[in-house]
Amino acid sequence: MTTISVEADVYSGLQNPVWDLEPAEAVRFLALVAQLGSLDHAPAPAPITAGLGYRRLKITMTTERGVQRIVVANGHVFFHPLHDEPPRQRSDDGRAFERWVLRTGKEALGEEMLNALLS
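According to this note's numbering, the sequence shown is numbered sequentially starting from 502.
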């Protein structure tokens, strides 16, 4: 079974909103990941700033193979290495994947913050 936890990296000094995807959302998440464009040989995107405000989504996906760390930011999806695999990155054109993941956290984020992050 796959479990997926999401953290919206929005605060400095306060606890960030965190939520778990429901099983049906986890299935959809995996389907959306499979549709992302490949960027394995593309130049790195602009760095993620450490400033105030929303910076990225930090996702932890746990499967029978282990724990996979995923970062979604700046129209890119970064997959940290799992075991001996190389790191991977994918394109999130128009932030469609990022926006879908954000919408799964409506309760944790609250409507006002969700709307701000989607804009």
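If you're looking for bench data, these hints aren't it; they were derived computationally from the structure. Any given hint might turn out to be false.
[Claimed, not checked] Pairwise CB distance ranges (calculated):
| no. | residue 1 | residue 2 | range |
| --- | --- | --- | --- |
| 1 | Asn616 | Leu515 | 11 to 21 Å |
| 2 | Pro587 | Gly611 | 36 to 46 Å |
| 3 | Glu608 | Asp585 | 32 to 42 Å |
| 4 | Ser592 | Gly554 | 16 to 26 Å |
In this text, a Cβ means the ideal position worked out from N, Cα and C, and glycines have one as well.
Each hint, compared with the structure:
no. : hint                           : verdict
1   : Asn616 with Leu515: 11 to 21 Å : holds, 19 Å
2   : Pro587 with Gly611: 36 to 46 Å : holds, 38 Å
3   : Glu608 with Asp585: 32 to 42 Å : holds, 38 Å
4   : Ser592 with Gly554: 16 to 26 Å : holds, 23 Å
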